[in-house]
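Please put together the full structure from these sequences, using the hints given.
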Amino acid sequence: MCAVSEFFAYLVRLGDDRLVLGHRLSEWCGHGPILEEDIALTNIALDLVGQANLLLQRAGEIEGEGRDQDALAFLREVTDYRNALMLELPNGDFGFTIARQFLFSTFALHQWDALTRAKDDDLAGIAAKAVKETRYHVRHSADWMLRLGDGTEESHTRAQRALDELSPYVAEFFDTDNVERAVVKDGLGVDSSSLEKAWRADVSDVLTRATLELRAAPFAQRGGRSGKHTEHLGHMLTEMQSLPRAYPGAKW
Amino acid sequence: MVERQPRAVSPEPRADREGVLAVLDTVKDPEVPALSIVELGIVRDVEMDGDRVTVVVTPTYSGCPAMKVIEDDILAALNDAGVHGARIKTIYSPAWTTDWISDAAREKLRAYGIAPPGQSDSSGGLVTLTRRRAAVQCPFCGSLDTRHTSEFGSTSCKALHVCNDCTQPFEEFKAI
Chain S
0 MCAVSEFFAY LVRLGDDRLV LGHRLSEWCG HGPILEEDIA LTNIALDLVG QANLLLQRAG
60 EIEGEGRDQD ALAFLREVTD YRNALMLELP NGDFGFTIAR QFLFSTFALH QWDALTRAKD
120 DDLAGIAAKA VKETRYHVRH SADWMLRLGD GTEESHTRAQ RALDELSPYV AEFFDTDNVE
180 RAVVKDGLGV DSSSLEKAWR ADVSDVLTRA TLELRAAPFA QRGGRSGKHT EHLGHMLTEM
240 QSLPRAYPGA KW
Chain D
0 MVERQPRAVS PEPRADREGV LAVLDTVKDP EVPALSIVEL GIVRDVEMDG DRVTVVVTPT
60 YSGCPAMKVI EDDILAALND AGVHGARIKT IYSPAWTTDW ISDAAREKLR AYGIAPPGQS
120 DSSGGLVTLT RRRAAVQCPF CGSLDTRHTS EFGSTSCKAL HVCNDCTQPF EEFKAI
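Keeping their order, the protein sequence lines are chains S and D.
Start counting the first sequence at 0; every next residue gets the next number (numbering that gives the first Met the number 0).
Start counting the second sequence at 0; every next residue gets the next number (numbering that gives the first Met the number 0).
These aren't lab readings, by the way, just hints derived from the structure by calculation.
Where a beta carbon is used, it is the ideal one built from N, C-alpha and C, also for glycine.
Mixed in with the good hints there might be a few duds.
To spell it out: a stretch of chain S is covered by chain D in this simulated footprint if at least three of its residues, at any positions, have a beta carbon under 8 Å from a beta carbon of chain D; those stretches are [stated by the list, open to error]: (1) 34-41; (2) 72-86; (3) 134-147.
Below, computed lysine-lysine pairings styled on DSS-like, alpha-carbon distance capped at 25 Å [claimed, not checked]: (4) K250(S) - K67(D); (5) K88(D) - K67(D); (6) K227(S) - K118(S); (7) K196(S) - K184(S); (8) K27(D) - K67(D); (9) K88(D) - K250(S); (10) K88(D) - K27(D); (11) K118(S) - K88(D).
In structure tokens form, the structure reads like this:
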């Protein structure tokens, strides 16, 4: 069996991806371009934070040092976070938020689907639940990619610009490392690189119909999986963690 | 002689499984008050261990914000029925599905103004990028001439539609 620390690290990165993107989406609350989208983005945020809650809870159990999901979410420093860099970028305009959501949700769908077969009943159970939710996230953002890409000149320009800005961050989704190799060997995780082909097929299917293109990036931005983040995550965590840090042990 | 009746008629503690389930069937979902938590399939089991009652529940969505309220409501309803010290156990597997909602409960949803869910997508297909869903029937006038306006409604579990015939906006309980 792989070391406890590797499965813990794996669960934390799965949880951090969702917690960080979920928090970003929650920043749209009250700022959506139309009421339905305000509600949709915050509903997706709720799903992602809910998934993160379960993943970090399981991570805490595996670690066995008494940290629960709140301790992991609110009392870790920015360098302890293991999310992919794309997910911590500021929201930008609606087109950027939707393009990122489309790229990530499609990745997450394949990842969750594979994780339903994980040899950890808790993780497999979380995945079985999350895969259903993620199907709606993909459908929502894919619909919008079609409308923005094949919409007005302005919406097309902005959607394409968003994809160009996001493309350097795509490669990190599919990186594999020692943590991942260890959990994959024991059937506790999925090899991210194995998801890329199906992901590219799904993404290009939608983008082609949306008259958009995910162009190859001239360079790749990576570092989130080893705690090397953009300047944006620290600012985000400062806000997200402010209450539990100012009032340790605060309860509703 | 007048026989004295007990003044306060408190329900007898019925700490049998059926009795507990009957009490739970009076607890409404706070976000869909047309249905009880038993009808929705949130209550998965009732475990009896001597006098100790454990209610096994599962959330509809991972981030369902109503779970805390539901747990409080369960304990309050059981307390009122004389079942004290019950525990709540939350499980995530098997994942909740709208297929657990009975036909009778679907009819209640429709009468309440929410279109009931269709069949859940169990095809195993990964990306259903384009909607190939059947038209959703308006719960108010029964028309099938409706249009989908948003994948998300007032809660994660609902989508928004508008009826082209009676012009009424309505929510649909999403199949999941």
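Hints and how they fare:
1. 34-41: Since three or more residues must qualify, the claim that chain D covers the segment 34-41 of chain S holds, with 4 doing so at under 8 Å.
2. 72-86: The restraint on the segment 72-86 of chain S is violated, since only 0 of its residues have a Cβ under 8 Å from chain D and three are required.
3. 134-147: holds (count 7)
4. K250(S) - K67(D): holds, 14 Å
5. K88(D) - K67(D): holds, 12 Å
6. K227(S) - K118(S): Since the Cα atoms of K227(S) and K118(S) sit roughly 30 Å apart, the hinted pair is violated (cutoff 25 Å).
7. K196(S) - K184(S): The hint holds at about 21 Å.
8. K27(D) - K67(D): Roughly 13 Å separates the two Cα atoms, so the pair holds.
9. K88(D) - K250(S): Roughly 21 Å separates the two Cα atoms, so the pair holds.
10. K88(D) - K27(D): With a Cα-Cα distance of about 18 Å, the restraint between K88(D) and K27(D) holds, given a limit of 25 Å.
11. K118(S) - K88(D): Since the Cα atoms of K118(S) and K88(D) sit roughly 22 Å apart, the hinted pair holds (cutoff 25 Å).
Violated hints for the displayed structure, listed by number in ascending order: 2, 6.
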